[in-house]
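**Q** Protein chains in written order, with my numbering: chain A, 1 to 319; chain B, 1 to 260.
The set of hints was computed from the structure by calculation and includes no laboratory data.
Note that this is a predicted model, so its numbers are computed, not measured.
Treat the hints loosely; a few may be bogus.
[Unchecked claim] Calculated cross-link-like contacts (lysine-lysine; reagent style DSS-like; alpha-carbon spacing at most 27 Å):
(1) B:Lys220 / B:Lys182
(2) A:Lys78 / B:Lys134
(3) B:Lys259 / B:Lys214
(4) B:Lys111 / B:Lys133
(5) B:Lys211 / B:Lys259
(6) A:Lys78 / A:Lys260
(7) B:Lys15 / A:Lys260
(8) B:Lys182 / B:Lys63
(9) B:Lys134 / B:Lys116
(10) A:Lys128 / B:Lys15
(11) B:Lys111 / A:Lys260
(12) B:Lys248 / B:Lys211
(13) A:Lys128 / A:Lys78
(14) A:Lys260 / B:Lys116
(15) B:Lys248 / B:Lys63
(16) B:Lys15 / B:Lys214
(17) A:Lys78 / B:Lys133
(18) A:Lys260 / B:Lys133
(19) B:Lys111 / B:Lys134
(20) B:Lys182 / B:Lys133
(21) B:Lys133 / B:Lys116
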Amino acid sequence: MKKFSIIISIILVCTGCLLILAIALSTGASHITLLQAITGTDFVAKQIIMLRFLRVLMAFFVGAALAVSGCIFQALLKNPLAEPYTLGVSGGAAFGASIAIITASGAVSVYAFIGGVCTVVVIFFIAKAMQFHPTAIILAGISLGFVLSSGVLLVFAFAKPDTIHKTLMWLSGDLSMAHYEHITLYCMSILVLTTMTLFFHRHLDIISFGTGFATTHGISTVHIAILFWIASLATSITVAATGIIGFVGLIVPHAVRSIKANHAFLLPVSAIAGGTTLVLADTIGRSIVMPYEIPSGIITGFFGGIFFLILLLTRRDTV
Amino acid sequence: MSLFEFTNIQAGYRKIPVLDIPRCTINTGDFIGIIGPNGAGKSTLLKLLARILTPLSGTIAYKKQNITTIPHTVYATQVSSVTDIERVLPYTVESFIALGRFPHATVTGLKAHDYKAINEAMQYCNVQHLQQKKLTELSSGELQRVNIARALAQSTECILLDEPVSHLDIHHAIAIMDILRKLNQHGSTIIAILHDINIASEYCSRIIGVKDGKIFFDGKPQECITYQNIEALFDCVCLVYTNPISGKPYVYPVPEHVKQ
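Please build the complete structure, drawing on both the sequences and the hints.
**A** Next up, the structure:
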């Protein structure tokens, strides 16, 4: 009976996801629906749908990457409040990006990626020195985050107002600023990284029960380091591609975990749910005040926060 | 046959030694109860055996082989441990016990013989009826039995337990200790930290008293649970009698005689 209800819920979720994807493809500044583009012969309509498709694809992969990294960090750090940005990757990326935008160097993603990865390297060595003690890593990440965000504010102090606006838009996670010429590279690398995590679902199960528990089950620091790097790289690449989109990496794993905690279920379902959530957020962002766009990071933060509060109040046992 | 052999072991945290064991041998088939006051180094000793902690100096041999040369995954197939679960997550009992098979099947996933071991472990600990329940829904006694079943699924060769019955009532404590005795009779080596001296005396074949980071006494319960030993170990005054049924010693504390 329980298995039956799980199958039903999976079917419902999948249908819901497909529906959201169809709506996302049919929404935009120009009134062309998915159906028109498929059945009609209008070349321009097909082009517009293609552009929307790239954007939806990007949003889906970004959401999936963030949700999967969130799952991994919550297991590694044994903390339900951990998320992809807990270790300061966002701070590093923001620092890199703001320098790139303000000095008009152009390659914002490259700077952001370098900033993110440098932060990861620093945190990794700190974590190693602390034998991957979760609380110590979190504190180190938060401290580093503070250092980097004051760095960002320092850069702002010297910048021209118009570049500050551009940086702020980037910081709030804006899919319209993403570089769609690199979308294949981005999606491929996320696909590889998230697929890799599936081989570690049992490792993650064991790691989430505690450090001693993991050691006595034969988990070594090598496994932990691999998972750390997979999650950190996925986050760094994502932040470099689209800026800082918050909350997906925190609420999605949480919400999915309330159904089932095993990582064999948690990882793939979080990926799908995270992807769909961000597609939805992006669709809302570009349709409520057309033709203007609200960065998806703002939408996920706003609605995600409210959703999380509702979840907290209704299902106290899961948090 | 010796299972563990300690040679000049010093262990501690942040390079400060808290445990000093020049020589100690644990044999296959032993049922060891480790007793001693809080902070004496009992948990440190168990952590060394579980390889959660590496000694500052000295060597531990497992089956004549230096423990550090054995890969963690291989070691985990032979020695399992039961400590309080750091985070009780909403996993089902069945999937939690299945985690015990992880070291046996890191890459391949679970096979038929793994499921057989899981079922046997559940039967042994009498938790089959809890299979589909979540860990978060269990009582302390049930959770402890499930945790032991997980360790049994992992390995029945040698089981380390850190205070397995401390927070349980006498009924559930006896149920757990009976499981351990049955395992021991089937050849498992059991090493448990116990706070209840009487339970240790009743069940264990060998008692190790630890005080101030040193082995204070080591032997059969009948030989080493004497009022002199227990009083010196815990700095208190007590009476020691013999249980008329089992012939094992038991300890009565005398109030208001704690030595500062």
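**Q** Among all the numbered hints in the text so far, which are the ones the structure does not match?
**A** The structure conflicts with hints 7 and 15, although it agrees with all the remaining ones.
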